[in-house]
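Now that you have both chains on their own, put them together as the hints suggest.
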Amino acid sequence: MLFNSLAFLVFFPLFLAAYLASRGAVRLWLTLFASYFFYAWWDWRLLPLLWFQTGLDFFVARYLHRMPVTGPRRRLLAVSLGTNLALLGFFKYFHFGVESARGLARAFGFELPEVTLSILLPVGISFYTFQSMSYVIDVYRGEVEPEPSLLRFATSVALFVHLVAGPIVRARHLLPQLRVDQAFDVERATGGFEQALWGFFKKIAVADSLAPLVDAQFLSPGTHDGMSLLLAVYFYAFQVYCDFSGYTDIALGCAKILGYDLGVNFDRPYFASSFSDFWRRWHISLSSWLRDYLYISLGGNRRGAARTYVNLMLTMLIGGLWHGASWTFVAWGGLHGSYLVLERALRPELGRALRALRAPPALVRGVSALLVFHAVCLAWIFFRAQSFGTAAEVIRGIATRTELSFAQVTNKFLVTKAIVLIAILVAVEALSFRTSAVARLRARPALRFAAAALIVWGIALLGTFSGANFIYFQF
Amino acid sequence: MRASLRAVFLRIGALAALVFAGDRALAALFDLGLPYSQFRYSVAARGGQPPNVLVLGDSRAVNGLYSPELERRAGVPVLNLAFNAMSTLVAEAVLRDYLERNAPPRIVVLEVTNVQQSQVLIDGLMCYWRLSRALAALADERSPASRRALRLLHTYAYNGEIPLRALYYARHPDQDWINRYRISPALLEETRTEADFDLSALPENLEALGRIVALARDRRITLRLVVVPYLPEHWAHARNRDAWLAEIRRAAGSDARIWDYSSAVADPAQFADRVHLNDLGGAPFAARLAADGFLAFDAASRRE
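One line per chain: the protein sequences are L and U, in this order. The first sequence: position 435 = 435 (our numbering), numbered continuously. For our numbering, add 1000 to where a residue sits in the second sequence, where the first one is 1.
Just chain U, with the same shape it has in the complex (with noise of 0.2 Å):
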């Protein structure tokens, strides 16, 4: 029996030794491609960025502020660093640690209606707590137990759909995002009688959101909040969009500007789902914008 648990205790001690190593060696390996890569939080990581205009938010975000269209419109490059799901709390983390490595932008674009979001993206941005202080002390204070897992394994900072987009977009830029795909019949049909629901807005988000007004203020930059388009007929069912949009400006402090545009698009044809613009959308959306001059900067940011 003592010899079968010396073999035992010796198998396991090797194993735990070959994984630990292994881990690191993997870990360090993945850590020292990561900053190379073109996707859009190394492109950020990696400092060095010239004055831009930077989008941030949700999936909304995303779709709805389509870069290629934006930087054509803009005549300055831009930077698109929204993410599904990122909620304002992250969205200020990242301006943050953007800030450190990069010239301050001419403009920051906040798609306001992630105050929605809840914090999943934390986690989800775990290969990035590295190289960014302030997304590491998020996760310091709403991640202990994934800050936990990746001390016994550093394997796991690269577990998660991110990881995945940084190894594909290694070589090639990730700016050219968008739905191509149009909004099925069925989903609209389903849309136009759908319950009516409530907006939310989390505290934390809410008051996140101030500090991004404060912090673009402090540094002179351009800062625009900014509400893309809904499918009408699903915003037709917000029972207190009013309500909630006031709490979102609430936040953001009376001299702030919401750019409003939650009903400026009525085609089905330009939205891939109830939330999200497609490519049909998202080009006359950038003209709208550049039009009502929301891609105009001051020219004291520009100096910076």
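Extracted from the complex, chain L is given alone in its bound form (with noise of 0.2 Å):
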């Protein structure tokens, strides 16, 4: 189901209702049960799946903190990690894996055999199994006690508000909250309320209008001119940010309403100065996952500085792989992992530099946040580009067709639209860094009422009703 359809509309008071009518067990159940028919509205066949997933890893992790030896103790873990990164390798990279051979035997010579399997993916996956796999590393880490409650231990995975597109909640964070019964609150879901709508906004009148204008320049490249490239480049990096972040926004108001806290995902990522500030900004429960599970575990920065920047370029590197199954996310990932370890490498002689510049701070964090966006932007073609051939020829047409005009550029009145949704949107997270003012807006109730009706006017006005899934809903 999703968030931007009549069903979920529809859904999501009536679950309401009866969620605040239900207290324990019952409210536990009830919520399982809502959970599991959003995710069967797209496909029931997949079900079995998740519930394999979620014994596995709840069984797993009582076994884990029963064990007192460490061998056996980490064998089962890998026996968890195993399944689980197998799942999700065959019906996520099971053609990438076989292409990718095929490929690599041809330039050695050889043909291996094609070998097709009709493999739908489900939707979700690399958010539940990372899910699911934190909270058995965790219990094996001993961070956590193990959950006794099948049920709850079930509801925190497929909780559906954050189940198929995340944010990827942390078991820790979420189980102590499905323990008790979170009793309704007006102002926290008036909040929720207010930011599902935003959300609403981001994804229905922002992403879905740049959309096709994206589209359109992705699909032949080649046949369009530098400045509608370039446009195409700005605009992608809005709707891919818009889409998603629009998407947490609503499962993060919604879980608001509900009672429950889910963090923060997105923290206005393109006023970020440096490479690893927009990392602590984009999709925060993906980068913290991946420093705490994944660079950590590989050292960190605790052995020296040329395998702190291998282990930061992994990371990044299979940060890029759970995107998709394709080397252009691969190389977007490995483009982040180069602005990182390039940002670290120079650190000291930029700071100097800049020191000795004596440039206004404000000055400096501008002119960072436009370089980082722009580098930012660069990674963004290789992440939305089919093949390497599409983005070279994005990079291609920039770079040789651009003039200062906007004379080729079609839909001319579309492209005004998504340039003053994209101001709008600039301009309302520029606002909420002046925390003063923010707090002013919100202890008066006539303007937060005022705030809601114009986002809903502006989505009525502004929104493309195509009923466009959500980019993250592939990954």
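Incorrect hints may appear among the rest.
Footprint (simulated), chain L over chain U, 3 or more residues, beta carbon under 8 Å [claimed, not checked]:
{"hint": "1", "stretch": "1042-1055"}
{"hint": "2", "stretch": "1103-1114"}
{"hint": "3", "stretch": "1154-1168"}
Chain U is nowhere near these chain L residues, computed Cβ spacing over 12 Å in every case [as the list claims (entries may be wrong)]:
{"hint": "4", "residue": "304"}
{"hint": "5", "residue": "387"}
{"hint": "6", "residue": "440"}
So the derived label-pair ranges between C-beta atoms look like this [as the list claims (entries may be wrong)]:
{"hint": "7", "chain 1": "U", "residue 1": "1145", "chain 2": "L", "residue 2": "183", "range": "33 to 41 Å"}
{"hint": "8", "chain 1": "U", "residue 1": "1033", "chain 2": "L", "residue 2": "172", "range": "50 to 58 Å"}
{"hint": "9", "chain 1": "L", "residue 1": "396", "chain 2": "U", "residue 2": "1101", "range": "32 to 40 Å"}
{"hint": "10", "chain 1": "U", "residue 1": "1173", "chain 2": "L", "residue 2": "396", "range": "38 to 46 Å"}
{"hint": "11", "chain 1": "L", "residue 1": "447", "chain 2": "U", "residue 2": "1047", "range": "38 to 46 Å"}
Treat the hints as calculated values from the structure; they're not laboratory data. Quick caveat: nothing in here was measured; it's all calculated off a predicted structure. From the three backbone atoms N, C-alpha and C, an ideal C-beta is built for every residue, glycine too.
Below, the structure is given as structure tokens:
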């Protein structure tokens, strides 16, 4: 079920009414069934996979906790992680692996047979697999007590607000909240409603309005002028951000209405003034997962500069591959890895140079944010392109066919609308840094009502009601 | 809990009331301004247009039948009501609405390759449903979901590209549209090697074409059915082009002539892409039409 569908607008109030009317185990059962129903709305045939992974990790965690000996514990952990990764690998990376192997063999003069299986990619598999894995690792590390109730654990994995596209909520964060009946809080629910509404605006008005402009350019970049391609890259940066953070806002907002706090997943990432800052603001639940369970496990920054760079690069390459079964995603991760490595390597020299320049800090921050944004945009080209050829064509087009003219830009009205929408988004995010102004707004119910009404009218006037899927569903 | 729920319902009620009131007020404001725009459909809806040359069709008619040049050649006002993705069925509704409020045109020009188009423009023209009986009837039949959404939120009528254009052209006319760029060498090269394709025609559009022909005959309006030029390299790949044109001819009726200029322009520099002329091509093509007598109208229609 999509958040931006009529079905969800019917589902959620009905669920909420039943949820508020129930208590204890009944509420958990209701939440679990509703979550499975939400998932099955898309395709019920893949529910058993979710049940299997949930059951496996629940029982593995319980046994892990009881086992005192290191060797068998490690083997049991390996069984759990191996099974989870094997399932993820099979469903998501099978054809990618086969095609990559065939390509490699061809490079050495061998021809491997073509293997094709009709595999349906289970929506959200990357999210719930990582979530479930983190629980087992936490129990293994002794950081979390195993959950005694399968019902509660299953609800934490399947809770519909985060099931299909995150955020990746750690069990240690969500399970305690499921242990008590969350009381309904009007203020928190109002905040959740406002956040969800803003998420709908980001998705329906901004992301879905930008999508057709981006799609047209990336379909055949060779036939478009450089200015159109450049705009498409900028637009994609905001499309992917509004699509995913919009989904997250709806998820977090709905969770707040139910009484759960799922944390923060995006924190105005395009205002980041460094690449490490960007990753503290972009898809925080994934970047912190990769940091805690991969980067630190690899040794983090504890084994010298060279090993730190290798660890950073590996983490980002795997992070790229997590997004999709294509080498272009790996290249996206590789670019971000390179940015992080370069930033880390050059940080002392850059700091000295900036101090020598005596530039005002605000100017330095602004220029840095612009540079980071453009480097991030360059990486988005690989993220969006279907192939390296397309990515190269986009870059070539921008580099060689860009004139400071909008004459060849088609759909000027939609382009103008897109620019206005991006300006609204950036203005709102820039204003949100002024915490005192935000606090004043929050303290005035009339202003909050007006803001909410403005968002509804904005969606009605500027929304694109294509019913488009969320980009991150495919991951 | 009961107090909390009361507070929630109060807040929801207050927000709903504010949204509703603002929506109606905003939509009423837009409704008030829309007919005064110089945008083509506002001009048509306002009524009172003199006998003229009226152009209908999709983006090929927008760019291929360049109004200022046609006007210069025809010696009478030209109103281009064509729009991107306008199907024949939508063109029929636009024509019927036009005839209700304006003097019968001396010539109606219909670019007939829009028989391929789906009916997406019905929703695009949502803000004009209120002003146009035939369009509204078409919307009732084809866009029930949008109809329902409009009942809920009137401002939704102003969602989309067309209201933005109506706003942009609030004070100056929109009749000078034409692509002002050339086909890119890459697209030209790609076109030369593109795969052969088949052209299609939607049955409802073919039926609408027949009704347009009959309507023009009834109202004694000169009707010109035309195919504006395609990029020859592209047109050559249309496998069924002769059969397709024959199908359109059949739908129009045996006595209706189709002015076929599909291969009339050979120079790629006169195209913006595979199917659209540009400003270099628009003017000479208008001259060609005039020279061929395409813009000559019957004395009988002049009287009306």
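Ascending list of hint numbers which this structure does not respect: 1, 2 and 9
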